[in-house]
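Enquirer: Listed below, chain by chain, are the residues.
2 protein chains.
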Amino acid sequence: MNDMSNTPDPSTLSPEELIKELATRGRAAQRKLARIGDERKAEALRAAAAAIRRDEATILEANAKDLSEAEARGLSGAMLDRLKLDAERLEGIASAIENVASLPDPVGEEISRSEAPAGMTLVRRRIPIGLIGIIYESRPNVTADAASLCLRSGNAALLRGGSEAVHSNRALHAAFVKGVSQEGVPEDAIQLMPTQDREAVGAMLKAAGLVDMIVPRGGKSLVARVQEDARVPVLAHLDGICHTYIHADADPEMAREIALNAKMRRTGICGAMETLLIDSLFDDCTDVLSALLDAGCELRGDARAQELDDRIKPADDEDWDTEYLDAILSVAVVNGIGEALEHIAAHSSGHTDVIVTADDAAAQRFLDEVDSAIVMHNASSQFADGGEFGLGAEIGIATGRLHARGPVALEGLTTYKWQVLGQGQARS
Amino acid sequence: MNDMSNTPDPSTLSPEELIKELATRGRAAQRKLARIGDERKAEALRAAAAAIRRDEATILEANAKDLSEAEARGLSGAMLDRLKLDAERLEGIASAIENVASLPDPVGEEISRSEAPAGMTLVRRRIPIGLIGIIYESRPNVTADAASLCLRSGNAALLRGGSEAVHSNRALHAAFVKGVSQEGVPEDAIQLMPTQDREAVGAMLKAAGLVDMIVPRGGKSLVARVQEDARVPVLAHLDGICHTYIHADADPEMAREIALNAKMRRTGICGAMETLLIDSLFDDCTDVLSALLDAGCELRGDARAQELDDRIKPADDEDWDTEYLDAILSVAVVNGIGEALEHIAAHSSGHTDVIVTADDAAAQRFLDEVDSAIVMHNASSQFADGGEFGLGAEIGIATGRLHARGPVALEGLTTYKWQVLGQGQARS
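For the protein sequence lines, the chains are A and B, in the order given. Mapping of the first sequence onto my numbering: position 73 corresponds to residue 73, and the numbering continues sequentially without gaps. Mapping of the second sequence onto my numbering: position 409 corresponds to residue 409, and the numbering continues sequentially without gaps.
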């Protein structure tokens, strides 16, 4: 279904040669893309959404092939659900592309302007990063999501999806490229890896200087492998071990509502609370804990937490470093904010940590001292999301310390250059 | 001379254990440092400068030991000069620390403030990166330079200098730490690696999660090794293959002055021009070239350049990718800005590239399309420097694409976190 005539033939190239060829094409296309204006990039994305709607039958047929192969290989129901497309989900993919089209283009923004001691004007201007590799698993919507965010910010993308979704990804990619090329975007700006060969992924991870950044989107084992093997900078989060600390002066109702939401709204997302720290001076501990237990959450507590409700099981050492992604929560009773901060410093994965309190000084101390990408006062950690942050979309959440942290959207897919405007200055 | 009683004993620990111990101490100290205010950090740096002045005799004695050992090992005169300290150079080191003390502290700055769709206030606030590893060669001043920039921006530093300068570095480090600790800065905030063992450097490069960033400062082989082996993010530049393109509409006198300055002011710095591209329609080619030749520069040209002056030697393919760091320059004649941009895209190291022209449209095209950390119009590439950019100092020049590009000073040693100020919001 995808016209592969123009893509490099992986059977005749080594993994390194293949990546070099794909990267060379992607980089050349990116240089052309960089000269396409804001409105035309937005138009190209709208054309991609239209093309995906037009190709619905072809895409769903390709997805049915993936699904039947996956069923034959005995994939779990949850895996099949992630893989599955239908008319409604495909419309969601198309609308998401249109949403990205409507976001402001960060490219060209003047970040700073100053005058050098020798008189030149110095402008730091936002530019695309270049060629971004996206490595993902079974959700085919990532093909369109990642492609549209990269294109909106002027980057070329090299997409490598999961083997289970190979037909769906090819069909989505073909429609996307057909759409954007109507507006003059070079086809090679958005490339799908023409092989599922794992060695090609290995070569991509090592292609420093050819690929500018890698974004892995998927489970812990995928991200860990990418972080371990990559020579190219990686933007990723490995774990979301998010804490909620209920301070002595928390409003009891707010504490219960935030704790319930942070854990139980959706247990499988990276912003879900995994550890609850309750201050020993908070009067309504049992209330919060029984609300969680009543909602069907398994609680694993330290000795003091266990005394509060006999349904609480004992936690072992590992529990404090576990991302359950399930209706399970570890609970510790702490003596004051100092102990809470120590626990978080020792066990947080640097994703999102929350304090619930009516005491502004305690809140400020928590916001200042917790060293995570996102720190919240009186809000559910489930808000850790690009859309909820008003960014319009996200390519992922980063827990590293450099470049971009927390929800990463278009701005995180850009870098800058210094433009120096002189009048003939020579350095003395 | 340095009180090593409190530092870990490298003889009883494996390289990995040593780095873990140093990093644990450094990280704990950084958390304390993060709570020390702006003015106190500045005071601490002024105390460090005073301590270095007070310890002049001890430091120069240590340096004399390094020098005599280096001479005995037959180090070159240039190497000895890099290593050498005297009263004047030591005063330069102390004043540089005071200069860093006077720079505005970037920590705490509000980068952005917005309202989330659910009503929380979102603040992106600048924070220190954490623990920064600095790996450098024979110049002992880097010990104080790097330490003061890290400390000013609230970071802990783990310094590893060259073996030739081991006594000088220890003496400088001891004085620096003595000074800053008078103002309550924990001693472990600025640690000097207690061994010159190369395996300890290897372990430091791989200490992802313990060391947050590595900045190599030194020659190409050091930087290449760091980039190859590191699992920790690296901020560095490998090469400075800087181009100057003299456009057809360049002012002849300005072109000559900029070319001479960009090449000959100091040939050994990374911002020195290494390739001159002259437009075939620029009328005063011979003038510029003979000025360079008369100034003692060796020119290696393509066929057309060689026709312009019989003192020009032939360039071979390698010349276009060579950072001479010497009074040697490769010269190519190009037909128009398109050819100049192509040459630069193929051969620039992404450091600094310059156009000289009176044509604003050509200048704008060059500034937009050249994809280097620094692009200049009508100025010498020798201005590629943190001081000349008004940043007050620099930890280095970065040619990577992520986090920070070009001259990196205090802001490049920071990251940010999201502070989310809610009123009890739960996600629907």
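Note that these hints are calculated values from the structure, not bench results. Some clues are possibly wrong.
[To be verified] The list that follows gives simulated cross-link-like pairs (lysine-lysine, DSSO-like), each with its CA atoms no further than 30 Å apart:
| # | chain 1 | residue 1 | chain 2 | residue 2 |
| --- | --- | --- | --- | --- |
| 1 | B | Lys84 | B | Lys220 |
| 2 | B | Lys206 | B | Lys220 |
| 3 | A | Lys206 | B | Lys20 |
| 4 | B | Lys65 | A | Lys206 |
| 5 | B | Lys84 | A | Lys220 |
| 6 | B | Lys20 | B | Lys313 |
| 7 | A | Lys84 | A | Lys65 |
| 8 | A | Lys32 | A | Lys20 |
| 9 | B | Lys84 | B | Lys65 |
| 10 | A | Lys220 | B | Lys178 |
| 11 | A | Lys313 | A | Lys206 |
| 12 | B | Lys32 | B | Lys220 |
| 13 | B | Lys178 | B | Lys84 |
| 14 | B | Lys206 | A | Lys206 |
| 15 | A | Lys313 | A | Lys32 |
| 16 | A | Lys313 | A | Lys20 |
| 17 | A | Lys84 | A | Lys220 |
| 18 | A | Lys313 | A | Lys178 |
| 19 | B | Lys65 | A | Lys20 |
| 20 | A | Lys20 | B | Lys178 |
| 21 | A | Lys32 | A | Lys220 |
Enquirer: None of the hints should be skipped; say for each whether it holds.
Expert: Hints, one by one, checked against the model:
Pair hint B:Lys84 plus B:Lys220 holds up; C-alpha atoms about 22 Å apart against a cutoff of 30 Å. Taking the CA atoms of B:Lys206 and B:Lys220, the gap is near 20 Å; set against the 30 Å cutoff, the hint holds. Between A:Lys206 and B:Lys20 the CA atoms are separated by roughly 27 Å; this keeps the pair inside 30 Å, and the hint holds. Of the supplied pair hints, the one linking B:Lys65 and A:Lys206 is violated, its CA atoms being roughly 43 Å apart against a limit of 30 Å.
In summary, the hint linking B:Lys84 to A:Lys220 is not supported, as the alpha carbons are separated by about 51 Å, beyond the 30 Å threshold. Restraint check for B:Lys20 and B:Lys313: not satisfied, since their Cα atoms lie roughly 54 Å apart, outside the 30 Å limit. For a cut-off of 30 Å, the pair hint linking A:Lys84 to A:Lys65 stands: about 10 Å separates their Cα positions. The hinted pair formed by A:Lys32 and A:Lys20 meets the criterion: a straight-line CA distance of about 19 Å does not exceed 30 Å.
The hinted pair formed by B:Lys84 and B:Lys65 meets the criterion: a straight-line CA distance of about 10 Å does not exceed 30 Å. With a C-alpha separation of about 45 Å, the suggested pair A:Lys220 and B:Lys178 falls outside the 30 Å cut-off, and the hint is violated. As the CA atoms of A:Lys313 and A:Lys206 are separated by approximately 45 Å, the hinted pair breaks the 30 Å bound. Note on B:Lys32 and B:Lys220: the hinted pairing is violated, with a Cα-Cα distance of about 36 Å set against a maximum of 30 Å.
A distance of roughly 23 Å separates the Cα atoms of B:Lys178 and B:Lys84; the hinted pair therefore holds under the 30 Å criterion. Of the pairs offered as hints, the one joining B:Lys206 and A:Lys206 holds, with about 16 Å between alpha carbons and a cut-off of 30 Å not exceeded. This hinted pair does not check out: A:Lys313 and A:Lys32 have alpha carbons roughly 60 Å apart, beyond 30 Å. For the proposed pair A:Lys313 and A:Lys20, the alpha carbon gap of about 54 Å is over 30 Å, so the pair is violated.
The suggested pairing of A:Lys84 with A:Lys220 holds, with an alpha-carbon distance near 22 Å, which does not exceed 30 Å. Proximity of A:Lys313 to A:Lys178 is assessed by CA-CA distance (about 56 Å); at most 30 Å being required, the pair is judged violated. A threshold of 30 Å between alpha carbons decides the hint, and for B:Lys65 with A:Lys20 the separation of about 50 Å lies outside it, so the pair is violated. Using a Cα cut-off of 30 Å, the hinted pair A:Lys20 and B:Lys178 is violated, with the two alpha carbons roughly 52 Å apart.
Distance check on the hinted pair: A:Lys32 and A:Lys220 sit about 36 Å apart at the alpha-carbon level, beyond 30 Å; violated.
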